[in-house]
Amino acid sequence: MDPALIAPANASLLGIPAKALFILIPLVGIGVFAYILKHRIAPLLRAAPDFRFNRYPERIRAVVKVWLAQWRHPRYLLAGVLHIIVFFGFLTLAARSTQLVILGFVDEFTLPGFSGVFGHLYSMLKDYAGTAVFICAVILAVRRLAFKPARYAVPERYGKDHTPEAIFVLGLICTLLLSESVFDASLVAAQSAQNQPTHFLSPLTLGWFFRHAFAGASLPTLQGLHLAAYTIHDLTFFFFLCFLPMGKHFHVITSLFNVFFMRLDTGTVKPVRHGVDESKLDELKSFGVKKFEDFTWKHMLDFYSCADCGRCSDRCPANRVQRPLSPRFISIKARDRCFQLYPLWGQKAAESDALIGGIYSEDEIWSCTTCGACEQECPLGIEYIDKMVDLRRGMVDEGMVPQSLQKPLSALEKRGNPWGKMEKKRADWAAAVGDGCRVKLFEKGEAAETLYFVDSITSYDDRMQKIAQATARILCAAGVDFGVLGKDEKDSGHEVRRFGEEMLFQALKEHNTETIQAAEVKRIVTSDPHAYNALKKDYRDLPPVQHISEVIVDALGSGKLKLTPADNGSSKTYVYHDPCYLGRHNALYDIPRQAIDAIPGIRRTEMSGDCRDRSFCCGGGGLMLFYEPEEEMRMGVVRVKMARDAGADVIVTACPFCLVNIEDAIKVAGLEGQMEAVDLSELIDRHIQR
Amino acid sequence: MEILVCVKRVPDSAENEIEVKPGGADIKRDDLVYSVNEWDNYAVEEAIQIVDRVGGSVTVATIGNEESEEVVRREMAMGAANGLMLVDPAFEGSDGRGIAAILKAAVQKGKYDLVLTGAQADDGAAQVGGMLAAMLDWPYASLVNLIEVQENKLRIGREIEGGNQEVNEIMLPCVLSIQTGINEPRYVGIRGIRKVASLEIPVMNAEALGLDTAGLGPAGARVQRLDYFVPPAGAGAEMLEGSTDEITAKLIDLLKAKGGLK
Numbered sequence: 001m002d003p004a005l006i007a008p009a010n011a012s013l014l015g016i017p018a019k020a021l022f023i024l025i026p027l028v029g030i031g032v033f034a035y036i037l038k039h040r041i042a043p044l045l046r047a048a049p050d051f052r053f054n055r056y057p058e059r060i061r062a063v064v065k066v067w068l069a070q071w072r073h074p075r076y077l078l079a080g081v082l083h084i085i086v087f088f089g090f091l092t093l094a095a096r097s098t099q100l101v102i103l104g105f106v107d108e109f110t111l112p113g114f115s116g117v118f119g120h121l122y123s124m125l126k127d128y129a130g131t132a133v134f135i136c137a138v139i140l141a142v143r144r145l146a147f148k149p150a151r152y153a154v155p156e157r158y159g160k161d162h163t164p165e166a167i168f169v170l171g172l173i174c175t176l177l178l179s180e181s182v183f184d185a186s187l188v189a190a191q192s193a194q195n196q197p198t199h200f201l202s203p204l205t206l207g208w209f210f211r212h213a214f215a216g217a218s219l220p221t222l223q224g225l226h227l228a229a230y231t232i233h234d235l236t237f238f239f240f241l242c243f244l245p246m247g248k249h250f251h252v253i254t255s256l257f258n259v260f261f262m263r264l265d266t267g268t269v270k271p272v273r274h275g276v277d278e279s280k281l282d283e284l285k286s287f288g289v290k291k292f293e294d295f296t297w298k299h300m301l302d303f304y305s306c307a308d309c310g311r312c313s314d315r316c317p318a319n320r321v322q323r324p325l326s327p328r329f330i331s332i333k334a335r336d337r338c339f340q341l342y343p344l345w346g347q348k349a350a351e352s353d354a355l356i357g358g359i360y361s362e363d364e365i366w367s368c369t370t371c372g373a374c375e376q377e378c379p380l381g382i383e384y385i386d387k388m389v390d391l392r393r394g395m396v397d398e399g400m401v402p403q404s405l406q407k408p409l410s411a412l413e414k415r416g417n418p419w420g421k422m423e424k425k426r427a428d429w430a431a432a433v434g435d436g437c438r439v440k441l442f443e444k445g446e447a448a449e450t451l452y453f454v455d456s457i458t459s460y461d462d463r464m465q466k467i468a469q470a471t472a473r474i475l476c477a478a479g480v481d482f483g484v485l486g487k488d489e490k491d492s493g494h495e496v497r498r499f500g501e502e503m504l505f506q507a508l509k510e511h512n513t514e515t516i517q518a519a520e521v522k523r524i525v526t527s528d529p530h531a532y533n534a535l536k537k538d539y540r541d542l543p544p545v546q547h548i549s550e551v552i553v554d555a556l557g558s559g560k561l562k563l564t565p566a567d568n569g570s571s572k573t574y575v576y577h578d579p580c581y582l583g584r585h586n587a588l589y590d591i592p593r594q595a596i597d598a599i600p601g602i603r604r605t606e607m608s609g610d611c612r613d614r615s616f617c618c619g620g621g622g623l624m625l626f627y628e629p630e631e632e633m634r635m636g637v638v639r640v641k642m643a644r645d646a647g648a649d650v651i652v653t654a655c656p657f658c659l660v661n662i663e664d665a666i667k668v669a670g671l672e673g674q675m676e677a678v679d680l681s682e683l684i685d686r687h688i689q690r
Numbered sequence: 001m002e003i004l005v006c007v008k009r010v011p012d013s014a015e016n017e018i019e020v021k022p023g024g025a026d027i028k029r030d031d032l033v034y035s036v037n038e039w040d041n042y043a044v045e046e047a048i049q050i051v052d053r054v055g056g057s058v059t060v061a062t063i064g065n066e067e068s069e070e071v072v073r074r075e076m077a078m079g080a081a082n083g084l085m086l087v088d089p090a091f092e093g094s095d096g097r098g099i100a101a102i103l104k105a106a107v108q109k110g111k112y113d114l115v116l117t118g119a120q121a122d123d124g125a126a127q128v129g130g131m132l133a134a135m136l137d138w139p140y141a142s143l144v145n146l147i148e149v150q151e152n153k154l155r156i157g158r159e160i161e162g163g164n165q166e167v168n169e170i171m172l173p174c175v176l177s178i179q180t181g182i183n184e185p186r187y188v189g190i191r192g193i194r195k196v197a198s199l200e201i202p203v204m205n206a207e208a209l210g211l212d213t214a215g216l217g218p219a220g221a222r223v224q225r226l227d228y229f230v231p232p233a234g235a236g237a238e239m240l241e242g243s244t245d246e247i248t249a250k251l252i253d254l255l256k257a258k259g260g261l262k
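Those protein sequence lines, which keep their order, are chains A and B.
Numbering of the first sequence is given in our numbering, commencing with residue 1 and proceeding in unit increments.
Numbering of the second sequence is given in our numbering, commencing with residue 1 and proceeding in unit increments.
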């Protein structure tokens, strides 16, 4: 029996076999695509090294979770679910598209393994997948055009709106799906018209609708539709393939690799240059990222992979308070610049010039608090903190440091703390601990099992010294044998490093490491998450480090610490604010909450939607206290209002910098007397059963 | 343009708790940290920026002891090509006139078109720049916060009372004392200093400078410091009262009255 319609591979156009065209299209398409990819890979080959060919089991796990299971997508529910459908639709339709391309020159071609029952099942699946993707694409287009979610908006300073590109690509996707369906449906309609056995078309799919629409059509019409649909699909498919590397849809190709090579640790900072030991830093001619090629290849791959979804900037506290930073545009501006520097045609357009003063401004790069909200959110595993630190290293190396930061840096170099206070006064707070609790001083030759690393702000700031005193009383009550380094302690250097002053950080680290090792302690305890993160992630060869919340929960568990009930007379509601460097960077979410909840009768609420790994940064710690950003509002004020909206009277935090920022913000927001902030250690200290 | 910038190593007032020694002749110096005098740092930055625009080189000179080398090196890390150490036991304890005399000798040993000093030092009397100019018989402008290089002269801005600005022309060679805020001095970190750690810094003593030491040192000083003391606390601050708006209005009036606002 003759087929109902002439298949593409057997058709002829103006006397020429159509097969020739259908071989030519893929050949040209793949050729052009390979040419484009070669040019896209070129900058990666000139980039700084980045050691990511390691830890394969963890990388595969990341791919399964973040890429294949689309783990982060439902955090934005509607867009996330739509993306998941489109993603799995694409994965499913990849086989069908490959088959279609080959059908152009091999009649009746089926992919190996796609015959028989599996083939039928697949055929049904791809019909529904295609229809689902089509519906999603329509919804996405309507969403883009009619509802215009705020996070897609392009502020004027960042250029033109990106909606046309998004709509164009949705149009391409719809064209692919429609043409594939018409191709199938025209054949089935022709088979039906000729009373031949028909191919199965899953009910209520695009093809099924078209087949019914084509019911009365003549054979020549159906033949025309069949071939036209095939040709349109073939052309669109290869056009789309070559269009992907032109912009944000490159992620369709790069996402798998980007997630495979993504950052596996939190809280860490990349070395100045991979492969150069800390002791050899002096030999480097230049520090950090100054021009485009100073980025690592992974960071360039990040730029290619950015899908412009805006989740990073939507969660970025700096962007929220209108500091001149939007992480999304860190990627997009770099990608645009990369495409200018490495054009597809012709010579390299221009010499790479300085990024700062070019596509980025100094204030833009100093605006980041390294809170990590952007990285937590990115469904593609794009990283920003290391880029910020690298750009800052470049600025520090060129002397581009605002005066507001030069003073504290100079004081840190000379006195080991950003205020330039006298070293000998570092442990002055210890005299006022009281409660029969004596703080041992290693500087006086005393020995203890545990070192309490206080760090600068808690040592010197009048208000924050209360955290040190509360922490000391908790340690005493829990029966911990502890001491402090006193004048021998210098700033942990956590922000010094994250603000790009690597050599000063190395000097502080070296000093502290030697002093801590000389104290011969079994563990380190700190009440400052920034110190905690530094000692844990930036330092090496130290005893285990614990945050005071961990010590509290341990002591509660062992019964060494007992708490009195919350004051029943007051009807205060507490809320816990996750410090970035305790939560997102170190995953300590539950332990501080357990400590609070251990106070009998305490009422605690959550800033739902903005807690745990979605916590909103208070404004930043360390050197960020000295930086004077351009902003519409303080981050702390936004945070305090979130707490108020959650119905809280008391904000409990577990970080001295959070406490500074939140206490200030309560005043700025005019909520003094209505709301208060307290450190976890102070709250627990008030309830110790003595 | 060949520029000499005179810098001084001073106890940094921001990073020290200054206490007067019993007797009042000096401050307690055991636990002090030092840095380059802030005004001088602006002068060096300005000199580097001028050289970046019109060419030439910057030399940074200081009078002191071996310990003063750190501030010269820090300024060299900023971009000054040369350093110059003026060290002699006979220099110690000189008054402002003595310091100016030593600097005059150093200026005459070189070929400079422009000499910059800070407007004053943390521990100084804002006198050396003017005296140096007089001794050299060069024109002088103080509190300079803008410099434009022209043919054989400079167009300079000076800060005058109430934040007003005055613009002058001054013939080269000349001496200028530089006010803070003229620029944004670049940052120098440990890495920058290490890069210039091995550069030679010439040292000149009184003999090399051809100086008669008679007018130098405590013996030659015509101004003697008698006492340091901490002033007694004043009567206290004026507390503004009223609503936030009223307080704001009063504060604005006060600031206007004192010339802080226009």
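Treat each hint with caution, since some may be false.
To be verified - Below, computed lysine-lysine pairings styled on DSS-like, alpha-carbon distance capped at 27 Å:
| no. | chain 1 | residue 1 | chain 2 | residue 2 |
| --- | --- | --- | --- | --- |
| 1 | B | K111 | A | K421 |
| 2 | B | K250 | A | K414 |
| 3 | A | K280 | B | K195 |
| 4 | B | K195 | A | K407 |
Claimed, not checked - Between beta-carbon pairs, the in silico distance windows are:
| no. | chain 1 | residue 1 | chain 2 | residue 2 | range |
| --- | --- | --- | --- | --- | --- |
| 5 | A | E630 | B | A25 | 44 to 50 Å |
| 6 | B | L172 | A | E630 | 58 to 64 Å |
| 7 | B | A197 | A | L344 | 24 to 30 Å |
| 8 | B | A197 | A | K572 | 55 to 61 Å |
| 9 | B | G242 | A | L145 | 49 to 55 Å |
| 10 | B | I247 | A | R46 | 57 to 63 Å |
As the list claims (entries may be wrong) - One-sided excerpt, in silico: chain B residues whose CB lies under 10 Å from chain A:
| no. | residue |
| --- | --- |
| 11 | A77 |
| 12 | G79 |
| 13 | I160 |
| 14 | G162 |
Because the hints were derived from the structure by calculation, they are not lab data.
Remember, it's a predicted structure, so these values are computed and weren't measured experimentally.
Where is the CB? At the ideal position from N, CA and C, for every residue including glycine.
- [ ] Enumerate the violated hints, using their earlier numbering and listing them in ascending order.
- [x] Going through the list in order, the structure violates hints 1, 2, 6, 7, 13 and 14 and respects the others.
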